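K.L.:
The primary structure of each chain is shown beneath.
There are 2 protein chains.
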Amino acid sequence: MKAYELTLQVMLKRATDLFGHKEIVSEEPDGTTHRYTYDDAYDRICRLANALDDLGVDPGARLSVMAINHHRHFELYFGLACSGRSIHMTNHMLPDEHIVEIVNEAEDELIFVDPAFVDTVENVADQFETVEQYVILDDDVPETSLEPVISYEDLLEGRDTEYDWPMLDEDREAGICYTSGTTGLPKGASYSHRDLYLHTVTHSHVDVFGISENDTVMPVVPMYHVNAWGLPYTATMCGSKLVLPGPKTDAEEIATLIDRENVTVTAAVTTVWLEMAEFYDERDDVELESLERVLIGGTSPPEWLMEKFDKEIDAPIQQGYGMTEAAPHLVNTMTTSEVQELSESERYQQQMKPGLPAPGVQIRLRAPNGEAVPHDGESTGEIQARSPWLIDEYYARPDETQQVFTDDGWFKTGDVGVIDEYGYLEVVDRLDDVIKSGGEWISSLELENELMAHDAVEEATVINIEHEKWDERPVAYVVQREDVTEDGLKAHLLERFPKWWLPDQLVFIESIPKTTTGKFDKKVLRDQFTSEHGRLPIDE
Amino acid sequence: MKAYELTLQVMLKRATDLFGHKEIVSEEPDGTTHRYTYDDAYDRICRLANALDDLGVDPGARLSVMAINHHRHFELYFGLACSGRSIHMTNHMLPDEHIVEIVNEAEDELIFVDPAFVDTVENVADQFETVEQYVILDDDVPETSLEPVISYEDLLEGRDTEYDWPMLDEDREAGICYTSGTTGLPKGASYSHRDLYLHTVTHSHVDVFGISENDTVMPVVPMYHVNAWGLPYTATMCGSKLVLPGPKTDAEEIATLIDRENVTVTAAVTTVWLEMAEFYDERDDVELESLERVLIGGTSPPEWLMEKFDKEIDAPIQQGYGMTEAAPHLVNTMTTSEVQELSESERYQQQMKPGLPAPGVQIRLRAPNGEAVPHDGESTGEIQARSPWLIDEYYARPDETQQVFTDDGWFKTGDVGVIDEYGYLEVVDRLDDVIKSGGEWISSLELENELMAHDAVEEATVINIEHEKWDERPVAYVVQREDVTEDGLKAHLLERFPKWWLPDQLVFIESIPKTTTGKFDKKVLRDQFTSEHGRLPIDE
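Chains as they are written, first to last, in this note's numbering: chain B, 1390 to 1929; chain H, 1390 to 1929.
In case anyone wonders, no lab produced these hints; they're calculated from the structure. Everything numeric in this text was worked out from a predicted model, so none of it was measured. Among the clues, some could well be false.
Same chains, same names: a pair is fine if it fits in one copy or spans any two.
Listed next, the in silico SDA-like pairs over lysine to any residue satisfying Cα-Cα at most 25 Å (straight line) [what the hints assert, rightly or not]: (1) Lys1402 x Gln1729; (2) Lys1402 x Glu1767; (3) Lys1801 x Tyr1393; (4) Lys1700 x Asp1528; (5) Lys1908 x Thr1421; (6) Lys1908 x Asp1821; (7) Lys1697 x Ser1734; (8) Lys1912 x Leu1882; (9) Lys1700 x Arg1736; (10) Lys1637 x Gly1828; (11) Lys1402 x His1764; (12) Lys1908 x Glu1847; (13) Lys1908 x Asp1549; (14) Lys1402 x Gly1803; (15) Lys1402 x Asp1804; (16) Lys1879 x Glu1760; (17) Lys1888 x Val1873; (18) Lys1637 x Glu1562; (19) Lys1879 x His1481; (20) Lys1402 x Asp1797; (21) Lys1801 x Thr1405; (22) Lys1801 x Asp1553; (23) Lys1888 x Glu1681; (24) Lys1402 x Glu1760.
Please construct the entire structure, taking both the sequences and the accompanying hints into account.
P.N.:
Take a look at the structure:
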C-alpha cells in the first residue's frame, strides 16, 4: 500500500475536521424535514459501521441500497465504503427480473430499503441467492414478509459513535452501479475508492463544475444511480451544505427547496428544467435568487431553456456528458478564452454543446472502421474515452467488457459525436439510434433538438423504423406546447436539414415514455409503432 | 500497471489536444522576448526526447537543470519526465559544495545549464562523479572548460518532431528537488508522476487557487526550486497562457510584464510584493489592470500589503503554505462561508492567515511530547501534515527520513502553528527559531510580523541569542522605511505582547540577508551577532 491511499475516508475526514458544523438538510419520505450536521452524520456513520461489524457483515461484503436521496442514504454512502464494504446502488425502478439478476450477480448480502420499495423487494425476495437480511430505512419496520428484518434506527441504536477505520487499498471497490439496461441486461460498473476520489477532486476544478465550500449543493439526480453524478462525494470533500430532496422532485417542490435553503447549485436531467422554466413563468412567489448554476445531463437542453436560465434566472446551465461507466463525469460546458472572443450568438452555440473533456479525461472520435475522424465540427464518429476513473471492465462480464473496449484500451461509448475546431464535443446521437437511410446516416438527436427548438413543441423524440426501400426511415413523436401542424414542423426542419432527413411520419402524443433514468424510451415507441404499422411502405 | 496512470504525459496531451494554439511567452536571458505555442513547445519537447535517446541517455536517468524561468526550461520539465527521465531542479545559488554534493548524490548524468551559470559549474566540474556531458541552454556554446559540451539548439537540430511516449508507471520519479539546506546539507525530495498529477489537479480546485484555462499565469518563483510552486504543470493541464519572466524579477520588470501580457495570476515570495507596492505608488504608468490575484508564500504578508492589493489593486493576495517536501502546496487562503459572515476586519484577520488545508491534505498540531494540541486559536504546536503528494522519504537518507516522520506516518514540518476555531492555520514560527526563554516560548515570527505591521518598518527579523540566565532571548533587526526609534517600536510591540517578549536589542540595518530562496537568513545574523557580542549578559 502507498503511504497515502486515495479513499472516501479522506473526504469524510476533511468534512468533519474542517466543516463539521455545516448542514445536511434532508427531505424525508414521510414528508418531514431532517436537519443535522456533518458531525452528526459522522456519529451515525460510525454507529452504522459498528452495527455492521456486530451483525457479522464481512468487511469485504457488497450491500444493496434501494432508496431515494435522504440522510440515511448519505450515511450508507460513507458508512459502507469507509468500513471496507461496497454500496450497490440499486435502482428500484428496474424491472423485477433485472433487480433479481443484479442483486444475485453482485452477491449482495443485505438490502437496505426505503419503506416505499418494500413491496418491490417482497415480490422477488424468494429469488435472491445471497441476501441474508433486510434493513428498513425508517424508525420502524412496516408489515412485511421480508425476514430477518430490522429498522435502520434499531440497527444504529446504542452503537458506539467512534470507529477505528481500517487502512484501505485505494483500488478496493467502494461502490457498484448497474447500467440501466435499455438494451440487454444491466451491466455492473464497479467504482474503486481511487476512481471516486479522482472524480471528486476533478468535479471541483474551476474549469469543471467548481463546486466549493461556499456552495449549497442539491442533487436532484438520484443517489440510487451513478452516485447522484458524484455530488454527495464532492459536497463532502468540500464541506458544502448539502440538500437532499428526498421524494421532492417536481418543479414546484424543487423551487421551494432552492428558495428555502438558498441552494446555489443543483443537478437534474433536462426534463426537470423544462418543467421548472414553465413553472417559473407562472408563479410570482418563486425567486431562485440564490441559484448560481444548474447542472444538466442526459440530453442537451434547447436554446430557449439555456437563454432563460442564463438571462432571466441568472443561473446558467452547465451541461455534463458522461455515463454509468465513467462514474459519470467526462465532459462539461466551459467557456474557453478563445470562445470568449466570439460574438454572443456564436458563444451561445458553443455553450449549448456538452463541451470539453475534464482534466484527466481524453476523448476521440472513431469511424466504424476504426479510423480517426477529424475535429472539424462536421464529421461524425463514435465517441471513445479514457479517464483515470473510467471502469476497465464490467463486473463479471468478460464478453461485454471485450465489446466496449478498443484494442488500445479506449472505452467505446456507443454515442456518436462531432468535435469542433474549438475542441467542443457535441453528442449527435446514440450509435443505436442513428437512422441508416439509403446508406447515409440521419441523426435522430439532431432532429429531436430542432423539433424541441420550435416554440410550440414541449418534447419530441425521433425513432428509426424499418423501411422496405431505404432500410430505415425516421418517425417523430411530438408533445405540443401550443397548436402546431405537421406541415408547420416540417417547414421548420427544412430550414436546417435536407428534405430526405424529414420524418416519414409525425405523431402527436400526450407524453413521451421515459426510462427509469428519465431518458426518452425509444424502444417502447418503436415496438408500438411496429406492432401497429409494421415496416414503412415504399410509397410513403 | 493500472489502465490509466497519473502522469505528466496526461497534462502535455491535454494542452496540445485542446489548447495547442495557446501562447507561452518567455523572457530570455539575452533580453529578447520569445513567443510560441503549446503546439510549438510540443514539437521541441519531442525533439528533445529523441535527442536524449540518440545520445544514449538511459530512459531512467536523472538529469540536472540549472536555469531560470524560460521556454527551454519548460521544455525540459516535460521532455525529461514524459520520456521516463527525471529532472533534477538544481538551485545554482547553493554554495559550491552543496551543488557537488547533490549532483553526486542524485547521480545526474548530464547537466543542462544557462550560460550565466557556466562559471558556477566550471568551478566544481572536476568533483562531479557521474556527469558525462553538458548542454548549454542557448543557441551556441560559450568559451568554456566544460566537456563534452553542446548547445541546446544544436542538440535539438534536425530531430524528429514526433515521439512515441513510453507507458510510464505513475510511481516513477518525474523530478527531484533538494531542500535549500539552511540547516545542514540539502536533502532530496523526489516527486513521482502521481505526486505531481495530484498536486496539479488540486491546484485548480476552486477552493485552492482555481487556476483556469482563462488565466494567464506568470510564475516569478523560480523553476529551479520546487517546480515553481507547481505552476508550469498547472498551467499546462489547464491550457493557460503561460508567461515565464526569465531574468525579469524586480518590481518594475514584473509590473511591465503583467501589463503587457495581461497576466491574471502571478506568484512570488512576499518580498517581491513589498517592492511592488512601493513601485505601484510611485509610478502612474503601471496599471496592473488584468491582475486578478497574487499568490504569495514564504512569509505572511503584513496587513497593509494585503489591503493594498485587495482594495487598491483589486488583486487579492492568496497565501499558500507548503514546503519542498510537499511539492510544495499544503494550505491556502480561502474565505469559508462561516468567515464570510464575520465583520470586515475579522474577515481580514482570517485572510491574513495561510488558511485551510487543500482537499486531500490533512494537518494537525502536536506538542513536543507528541500530544494533540487543541484548535483554539491560541495553543501552539508543531505543524504535522499528510497529503497524497507529500514525499515519504528523503532520497537516499534513511536517517534524516526517520527524523521527520512520526510513527504514524505524519510529516513533521518543523514549523510551529496555531489552528483557530474556523480551522485556519497560522504559522507562528520555525521550531528552530522559537525563542526558548526561561522555560517559555517566544515566537520570533509573531514579533517580526508585528514589527513589520508598523508603518515605519520595511522589513524586520527576530533571532534567538543565547542568554546567560534565560537560555535564549530575542534580538530584532529592522530595516526602516521612515525614521523611528527603538522606544517607539518597543511601545508598538507592547500593545500586543507581554513585556518579557520584547527584544533585548533592536538593531537597525540597511537590509536583511536572505537565503537563496528569498527567506530571511537568520543564521547569518545569529553568527554575526554572536561573533560580535557573544552571549547576552544577565543585566540586559
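K.L.:
Now look at each hint and say whether the structure bears it out.
P.N.:
Now for the hints, and whether the structure bears them out:
{"no.": "1", "hint": "Lys1402 x Gln1729", "verdict": "between (39 Å within a copy, 23 Å between copies)"}
{"no.": "2", "hint": "Lys1402 x Glu1767", "verdict": "between (47 Å within a copy, 23 Å between copies)"}
{"no.": "3", "hint": "Lys1801 x Tyr1393", "verdict": "between (32 Å within a copy, 16 Å between copies)"}
{"no.": "4", "hint": "Lys1700 x Asp1528", "verdict": "neither (45 Å within a copy, 54 Å between copies)"}
{"no.": "5", "hint": "Lys1908 x Thr1421", "verdict": "neither (30 Å within a copy, 58 Å between copies)"}
{"no.": "6", "hint": "Lys1908 x Asp1821", "verdict": "within (14 Å within a copy, 63 Å between copies)"}
{"no.": "7", "hint": "Lys1697 x Ser1734", "verdict": "within (14 Å within a copy, 39 Å between copies)"}
{"no.": "8", "hint": "Lys1912 x Leu1882", "verdict": "within (24 Å within a copy, 78 Å between copies)"}
{"no.": "9", "hint": "Lys1700 x Arg1736", "verdict": "within (14 Å within a copy, 32 Å between copies)"}
{"no.": "10", "hint": "Lys1637 x Gly1828", "verdict": "neither (47 Å within a copy, 62 Å between copies)"}
{"no.": "11", "hint": "Lys1402 x His1764", "verdict": "between (43 Å within a copy, 16 Å between copies)"}
{"no.": "12", "hint": "Lys1908 x Glu1847", "verdict": "within (15 Å within a copy, 65 Å between copies)"}
{"no.": "13", "hint": "Lys1908 x Asp1549", "verdict": "neither (43 Å within a copy, 49 Å between copies)"}
{"no.": "14", "hint": "Lys1402 x Gly1803", "verdict": "between (38 Å within a copy, 24 Å between copies)"}
{"no.": "15", "hint": "Lys1402 x Asp1804", "verdict": "between (38 Å within a copy, 23 Å between copies)"}
{"no.": "16", "hint": "Lys1879 x Glu1760", "verdict": "neither (35 Å within a copy, 76 Å between copies)"}
{"no.": "17", "hint": "Lys1888 x Val1873", "verdict": "within (20 Å within a copy, 86 Å between copies)"}
{"no.": "18", "hint": "Lys1637 x Glu1562", "verdict": "neither (31 Å within a copy, 50 Å between copies)"}
{"no.": "19", "hint": "Lys1879 x His1481", "verdict": "neither (40 Å within a copy, 72 Å between copies)"}
{"no.": "20", "hint": "Lys1402 x Asp1797", "verdict": "between (38 Å within a copy, 16 Å between copies)"}
{"no.": "21", "hint": "Lys1801 x Thr1405", "verdict": "between (39 Å within a copy, 23 Å between copies)"}
{"no.": "22", "hint": "Lys1801 x Asp1553", "verdict": "between (41 Å within a copy, 23 Å between copies)"}
{"no.": "23", "hint": "Lys1888 x Glu1681", "verdict": "neither (41 Å within a copy, 52 Å between copies)"}
{"no.": "24", "hint": "Lys1402 x Glu1760", "verdict": "between (47 Å within a copy, 20 Å between copies)"}
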